[in-house]
Amino acid sequence: SFKKNNSFKGLSCDLVFLTECWRPGHSVLLANEPCQPQSAYVVGMVGVAKVEDYALPAYFDRRESPLPDIQYIQELSTTQKSLKEKEKGPWAALSNDEKVALYRISFKETFAEMNKGSGQWKSVVGGILFFIGLTGLVVVWQRKYVFGDVPHTFDPEYKQQELQRMLDMRINPVEGFSAKWDYENKAWKK
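Residue numbers for the sequence shown follow this note's numbering, beginning at 77 and rising by one.
Some hints here could point you the wrong way.
[As the list claims (entries may be wrong)] List time: in silico DMTMM-like cross-link candidates among lysine to aspartate or glutamate, alpha-carbon distance up to 25 Å:
1) Lys235 / Glu260
2) Lys184 / Glu128
3) Lys184 / Asp173
4) Lys162 / Glu151
5) Lys265 / Glu238
6) Lys175 / Asp137
7) Lys184 / Asp145
8) Lys184 / Glu174
9) Lys160 / Asp173
10) Lys160 / Glu185
11) Lys175 / Glu151
12) Lys256 / Glu238
13) Lys175 / Glu189
14) Lys157 / Glu185
15) Lys235 / Asp225
16) Lys262 / Asp231
17) Lys265 / Asp244
18) Lys160 / Asp137
In short, the hints are calculated from the structure, not lab data.
Because the structure is a prediction, the values reported are computed rather than measured.
Given the sequences, and given the hints that come with them, work out the whole structure.
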C-alpha cells in the first residue's frame, strides 16, 4: 500500500490506496502477490469515500432474490457465536427468541418488512405540488409585471369588425368560413 498527497489551489487531499495486487497497466505492479480485490479511500476535503468492488459477494434485501450471497452480520459476537453452535443441534431446543436472533444474523428484514410500504410517496407528492405552486406564482408574476395589457385585437367589437371584414372579402367561399354565410339575408345559414 502507498499514500499519495495531491494539492489543488491550496487544498490538500490525501489519496490512500490499500491493495493486495495491482493489475497490469497501473504504475506499480507487485509481483508474487495473490490477486485480491482492491479498494481505495479518499481522505481529505469531504471525508472518506470507499470505492466498492462489485465483483465481490454483497448483501441485499430484495424480494426478487430472497437468498443473498452473504449473511447480514459478518462478524459475530460471542453471544451470536454460541447461538450458531446451538443451531447445529435440535431446533426444538431453541426458543422463539433464539430462532428470531438466528434469523436476524442471516437477514436484515423479513418479507413482511420488505413489503411494508413507506411514506416516501407523501414527500414526492408534496414536492410535485410545491413546484406546481411555484410555477403558478411565476405565471401570476409574469402576467402582472412582465406582460402588458391585453391587445386591442381581443376586444369583442374588434372581433366583430374582423368577422365582418372576412365576410366582405369572401374568405374561403367554397367549404370554409364564407360558405356558411347567407349574403342575401345577412345571417348564418341553417
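Okay, the hints, checked on the actual structure:
1. Lys235 / Glu260: holds (22 Å)
2. Lys184 / Glu128: OK: Lys184 and Glu128 at ~20 Å, within 25 Å.
3. Lys184 / Asp173: OK: Lys184 and Asp173 at ~15 Å, within 25 Å.
4. Lys162 / Glu151: holds (17 Å)
5. Lys265 / Glu238: Roughly 19 Å separates the two Cα atoms, so the pair holds.
6. Lys175 / Asp137: holds (19 Å)
7. Lys184 / Asp145: holds (13 Å)
8. Lys184 / Glu174: holds (15 Å)
9. Lys160 / Asp173: holds (13 Å)
10. Lys160 / Glu185: Distance of about 19 Å is within 25 Å: holds.
11. Lys175 / Glu151: holds (19 Å)
12. Lys256 / Glu238: Holds: Lys256 and Glu238 sit about 16 Å apart, inside 25 Å.
13. Lys175 / Glu189: Since the Cα atoms of Lys175 and Glu189 sit roughly 17 Å apart, the hinted pair holds (cutoff 25 Å).
14. Lys157 / Glu185: Given that 25 Å is the threshold and the Cα spacing comes to 20 Å, the pair holds.
15. Lys235 / Asp225: holds (17 Å)
16. Lys262 / Asp231: holds (23 Å)
17. Lys265 / Asp244: Holds, at roughly 16 Å.
18. Lys160 / Asp137: Holds, at about 22 Å.
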